[in-house]
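Peer 1: Protein chains in written order, with the numbering used here: chain C, 1 to 343; chain S, 1 to 343.
Think of the hints as simulated: they come from the structure by calculation, not from any bench. Take these hints with a grain of salt, some might be off.
Treat identical chains as interchangeable: a pair holds within one or across any two.
Stated by the list, open to error - Straight-line C-alpha distance at most 20 Å; calculated DMTMM-like pairs for lysine to aspartate or glutamate:
| hint | residue 1 | residue 2 |
| --- | --- | --- |
| 1 | 144 | 340 |
| 2 | 25 | 91 |
| 3 | 25 | 313 |
| 4 | 25 | 280 |
Just so you know, these numbers come straight off a predicted model, no measurement behind them.
There are 2 protein chains.
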Amino acid sequence: MRTIRYVLIGLGNLGRRFCEVIVEKEALLRERYGLELMLVGAADSRGAAYDANRLDPARVAQIKQDGGSVADYPGVGRTGWDALALVQAVEADVLLEVSPVNLAQGAEPGLSCIRAAMQKGMHVVTPNKGPLVVAYRELHELAKANGVQLRFDGTVAGGLPAINLGARDLRGAVVQRIEAVPNLVTGYVMDMLAEGVPWDEALALARAEGVLEGDGSWDLEGWDAAAKLVILTNAVADFPATLNDVTRAGIATVGVDELVSARREGRRYRLLARAERQPDGGYALSVTPTSLPPDHPLGRLGRKQMGVVYTTDIYGVITAIIDEPNPIPSAMTMLRDVLDIYS
Amino acid sequence: MRTIRYVLIGLGNLGRRFCEVIVEKEALLRERYGLELMLVGAADSRGAAYDANRLDPARVAQIKQDGGSVADYPGVGRTGWDALALVQAVEADVLLEVSPVNLAQGAEPGLSCIRAAMQKGMHVVTPNKGPLVVAYRELHELAKANGVQLRFDGTVAGGLPAINLGARDLRGAVVQRIEAVPNLVTGYVMDMLAEGVPWDEALALARAEGVLEGDGSWDLEGWDAAAKLVILTNAVADFPATLNDVTRAGIATVGVDELVSARREGRRYRLLARAERQPDGGYALSVTPTSLPPDHPLGRLGRKQMGVVYTTDIYGVITAIIDEPNPIPSAMTMLRDVLDIYS
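Just chain C, same shape as in the assembly (with noise of 0.2 Å):
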């Protein structure tokens, strides 16, 4: 039996849904790969909490349930602690990084927190777009520096293992173009628009169903699904994509009226995020709301589902589609990362 102590930083939808879903898994976890997950230190916006003697994550999901802050933890709970701070003082094996991202702030606190775990001899797992995107080449050169792993699966697509998919299988290839619908909130809106639903409505509705946060803004302009064609270039392509290569439309440079003839029409209009390669080497990356026929890989996906399209020299055109009809998926990428590692 081996046991790895993780700090879990941010403890939002995704967070919390970990804890959840990692306390029903100890016994898999044990007779499956002889590995216990020992949660040692949690932050989220208000405080931490650190106990070299383990955290209970159910205790932890239930105070965030509750409203509350993981400074709450009895005991060992801290108001005002930063993460970065926490990752500092605490001796673990693997950072989990869920902090919220808000790019156009910056891809702090999480940027900070994995370059210090992984100064400090920590693997690192991280669903948060913003530091892969901010700094995908600087990260992959300091996990090198410093013998640790860095794993990033669930930044694309939820809890589809499209990174993985590309990064590992489609080893040898030349990645002729990527096409990705790397998101729900915009497929769900375009529907629902398509359907006659004015756009006020079509929010709520999207917020009411949990795949809309916030003002929706960065995912509707198209910011979110060109962070993660972003990532997906450099992990699959292996090209150094930035944010600013991104021809970028969002999805209200599309008319209602096109959308309801479209539909009418039998397609379907996706945000569709794609990479092309281009005669010196390079990708041309766009993000643009795209009428899809039925029989496009990715012109029937409902509401709930995401995927991604990887066409290839030598291994044909691969597609993966996830239906994810909670976040729970999203959330349990960590785990899929964190066993990547030590199984």
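With the hints as your guide, set chain S onto chain C.
Peer 2: The following block gives chain S in isolation, referenced to the frame of chain C:
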């Protein structure tokens, strides 16, 4: 630069294609992975060739293209030298085993070659179902005991990384259901029959299209799908299923009238391989012609498409589909597997 010496057993459709394509990949493998793959031995049913200084894969491919045997390889080819003797004689790092399989006659020569290679410390890569179906556990234990790797991503659904995705990216999950359309020929023939083409003509078309080899009974009676399902269930659900556990019905168990009327109603028949988790933790395995509605994840597979669906407790429902217009992706799973070992 690291040189990997490999031996290739089997120079049929896949082995020959591998030789053709691998020469085009030399520069990429050097630049991207710092690897040189060096063919040192090759065998077909008539003989073998061995040169510790390198055989030329392009030359091997040409000899086969011209209808010859690798025994004719200038200088180092030997008629009657069999695959097992070659494996025992060579010094090499990895065995690529892709000899033809006819399970009715056992899993030879593949099984003996794989055992011999592992016993002398070679890694093994094989898209050959036979040895895995006959001796899944034994071969995995032998690999472990000898500290070598056994990779077989190409055994199921051609170039689709169905095994890799299931075995690696579903770690930590309980797999509730596996559904697969793991070969092309059965869907191809059923589509033809549904379009009113007579049985013999449908088979002739499938043969002309390159999706049917031999007399087809192995595929059409569901043995091929059953073998692949057994491997999937072992690799992905970690359940020791065997061929005897599969309830199997071939495509001829569906009447042509039914195929035609399903097509008329917008449904598509596929020979569906399915493993369903049971209350006791075991799996019920079946291969049966199944009428799939268009909204089933595999309900719109084209004639050159294969796919797999994994229904899990924590990663949602994940579907992967390959569009494989020719056998190159199936052949190049051997490159994927080699790079999985060495990069």
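Peer 1: Could you run down the list of hints and mark each one as holding or not?
Peer 2: Quick rundown of the hints versus the structure:
| no. | hint | result |
| --- | --- | --- |
| 1 | 144 - 340 | both (17 Å within a copy, 19 Å between copies) |
| 2 | 25 - 91 | neither (23 Å within a copy, 45 Å between copies) |
| 3 | 25 - 313 | between (40 Å within a copy, 11 Å between copies) |
| 4 | 25 - 280 | between (48 Å within a copy, 18 Å between copies) |
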